[in-house]
Amino acid sequence: MEIMRVVDELVATQRVSGLQKESLRVLENLKGKLSVATDAVGAPPGEWVITASGSAARYAMPDPSVITDLTIIGIIDHWEDDGGKTDG
Amino acid sequence: MEIMRVVDELVATQRVSGLQKESLRVLENLKGKLSVATDAVGAPPGEWVITASGSAARYAMPDPSVITDLTIIGIIDHWEDDGGKTDG
Amino acid sequence: MEIMRVVDELVATQRVSGLQKESLRVLENLKGKLSVATDAVGAPPGEWVITASGSAARYAMPDPSVITDLTIIGIIDHWEDDGGKTDG
Amino acid sequence: MEIMRVVDELVATQRVSGLQKESLRVLENLKGKLSVATDAVGAPPGEWVITASGSAARYAMPDPSVITDLTIIGIIDHWEDDGGKTDG
Amino acid sequence: MEIMRVVDELVATQRVSGLQKESLRVLENLKGKLSVATDAVGAPPGEWVITASGSAARYAMPDPSVITDLTIIGIIDHWEDDGGKTDG
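Residue numbers (this note's numbering), protein chains in the order written: chain A, 544 to 631; chain B, 544 to 631; chain C, 544 to 631; chain D, 544 to 631; chain E, 544 to 631.
None of these hints come from the bench; they were simulated from the model. Every residue, glycine too, gets a C-beta built ideally from N, C-alpha and C. Keep in mind that a hint or two might mislead.
[As the list claims (entries may be wrong)] Okay, the calculated bits of chain A under chain B, using three or more residues with CB under 8 Å as the criterion:
1) 551–563
2) 577–591
3) 595–605
4) 609–618
Start from the sequences, fold in the hints, and give me the full structure.
Here it is as C-alpha cells:
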C-alpha cells in the first residue's frame, strides 16, 4: 500500500458505466506524483491516507465490480507533513 | 488511475486478433511519459482523461476480452495544463 | 520480491472492513521509498524483510481475503545496512 | 501498452518448460530501458511495436499458457525515431 | 520479462509457510536495482537471467502455489557485462 494525501475531488462526467457514480479523488504521494483513486472510507481533502492498488483496489470497494485500480482503504491517524510520522 | 492527455491516434495494422479493430490512443502523463491505450469513452486528441491499468483496463472495455492493459475510462471536466486543476 | 526495512507501525483507525484488524507496517526500500504492508511473519521495527506484492501479497496472508497489495513474507537472517549482505 | 523498439533476439537455451520454444525479443522503450518479450506478431529487429504487460501478455499469445509478462501485440505503421510520430 | 544478474543467495529462516523451502536469489537489474526471486531453473551467482513478474512468476514454478512475485525463468546464453549482447 502507499501513503498519499488527498488533494481534491475530480469531476469526470463522461465515464464508463463501470465507474458508476463513484466520486474520484486526486491524490499526491510522498514524492509529489498525482494519481486518481476511488474512496472506500470517505476521506476529505488534506487527509493522509493508505491506498491499495491493482485487483486489491476492487476488492476494497463495497461493490467490487466498480472499475478501479487504486482505492483509499484507510485514513492515517497521525502523519507529519515532512514525511515523518507520530502516533501520539 | 492516472491523469493523462490524449496526444494522437496510433495506427497498427499488423496486430494480434485479440486487439480486434479497437482504435489506439497515444497518451502522455503528467511527467511527459508516453503510453498507448484503448478508449472506452471516445476521447479526442487534446482531452485530459483518466486511465485504468492492469486487469481493470479489460473490465472497462465494452468487450472485456479485448487485449489491453490501459484503457481511457473517463474525460476530466476541467484540468489546467500547468498541472493545476479547476472544477468550475 | 523486494528487500525492505521495517520503520514503524502505522495506525489507521478508520479503514475498510476488508483490512480487518491487521496491524500495518511502514517499510523503507533500499532507495528510501516508503510503503505500507501487512505482516505475515511478525517483523519488529529495524528488521530487514522480504515483501511480496500484487496478488501474491494476499496469498501470503493466513487469511487471503485480507485487502492488501504488499505483505512481509520473510525476515532476512543477515543484511548489512550499507546495501551489502553477509550470510554468516 | 507501451511503445518499444525491437533490438535483437535473445537466446536462452536453459528455460522453464512453460516458456516452450517461444523466441524471445530484447526491446528498448522510449527512455532506453531494456526488456524481454514474447512475440505474437512476428516483429523483426528495428521495428517499433506495441507491448502488453501483466496477464494481458498471456492472453495475447496464441497459446495463453505460455509463461510471459510482456508480449508484442502490434507493429506500429509509422513512428519517428526522435519520439515524434507520423501517420502518413 | 527483465534481464538480471544473480548476485547471491538470500537466507530467510523465518518465512511464511507458502514460501516452502524455496531458496531465494538476490538479483540486480541493468540499472543496479536489487530484487529477490525464486528460481525455477537453477541459476548460480554471476549468471545473466530472465525473470518473470506478477502472476507469471507463480505459473513458472514447478509448484504454482509457492508465494512469489518474481521468478528466474531462463538463463541467457550470452550477455556482455556492459549492457551489450552477443549471441555467438
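Taking the hints in turn, this is what the structure says about them:
With 11 residues having a Cβ less than 8 Å from any Cβ of chain B, the region 551–563 of chain A passes the three-residue criterion, so the hint holds. With 4 residues bearing a CB less than 8 Å from a CB of chain B, the region 577–591 of chain A meets the requirement of three and the coverage assertion stands. Note: the region 595–605 of chain A has 4 residues with beta-carbon separation from chain B under 8 Å; the three-residue rule is met and the coverage holds. Taking a C-beta to C-beta cut-off of 8 Å, the region 609–618 of chain A contributes 4 residues in contact with chain B, enough for the three needed, and the coverage statement holds.
Checked against the numbered hints given earlier, this structure breaks none of them.
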